[in-house]
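Asks: Sequence:
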Amino acid sequence: MASAFNRFLNSPVGPKTIHFWAPAMKWGLVIAGLGDIARPIDQISVRQQLSLAATGIIWTRWSTIITPKNYSLATVNLFVGCTAAYQLVRVALADKNAETAPQEVAPPTTK
42 MASAFNRFLN
52 SPVGPKTIHF
62 WAPAMKWGLV
72 IAGLGDIARP
82 IDQISVRQQL
92 SLAATGIIWT
102 RWSTIITPKN
112 YSLATVNLFV
122 GCTAAYQLVR
132 VALADKNAET
142 APQEVAPPTT
152 K
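Using the working numbering, the first residue of the sequence shown is number 42, and each one after it goes up by one.
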């Protein structure tokens with residue numbers, strides 16, 4: 042048991058390296074993205090979500106080709122990309138529904 046812990050502690054992606062702490066802190070972006078699910082559509086920044094989705098996808102791939110392979114970084118980036126993509130889908134569906142919804146016409150006024 043102690044040897045497994047020592048292997049983890051001293052591994053190239055263990056808690057003594059940035060390879061461990063960067064993904065751990067990046068989960069804050071995922072938590073914020075999940076919190077934004079309750080946010081009204083008009084308060085969602087499309088540019089920000091596009092940036093998060095793109096970096097999530099790019100860094101997910103990059104995390105699997107660097108040395109040492111950092112699967113915890115790949116996982117967190119996958120979730121960052123997915124939460125941002127979900128927000129983009131919400132905005133797209135809201136825009137589509139706004140376009141197809143019948144426009145409300147004011148009744149004629151009588152004088």
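Note that these hints are calculated values from the structure, not bench results.
Keep in mind that this is a model prediction, so the values were computed, not measured.
Just so you know, not all the hints are guaranteed correct.
To be verified - Subject to a maximum C-alpha distance of 30 Å in a straight line, what follows is the list of computed DSBU-like cross-link-like pairs (lysine-lysine): (1) Lys57 - Lys110; (2) Lys137 - Lys110; (3) Lys67 - Lys57.
Asks: Given the hint that Lys67 pairs with Lys57, test it: the Cα-Cα distance must not exceed 30 Å.
Replies: holds, 17 Å
Asks: For the pair we were handed, Lys57 and Lys110, check the Cα-Cα distance against 30 Å.
Replies: With a Cα-Cα distance of about 16 Å, the restraint between Lys57 and Lys110 holds, given a limit of 30 Å.
Asks: Below or equal to 30 Å on CA atoms is what counts here, so check Lys137 against Lys110.
Replies: With a Cα-Cα distance of about 41 Å, the restraint between Lys137 and Lys110 is violated, given a limit of 30 Å.
Violated hint for the displayed structure: number 2, the only one.
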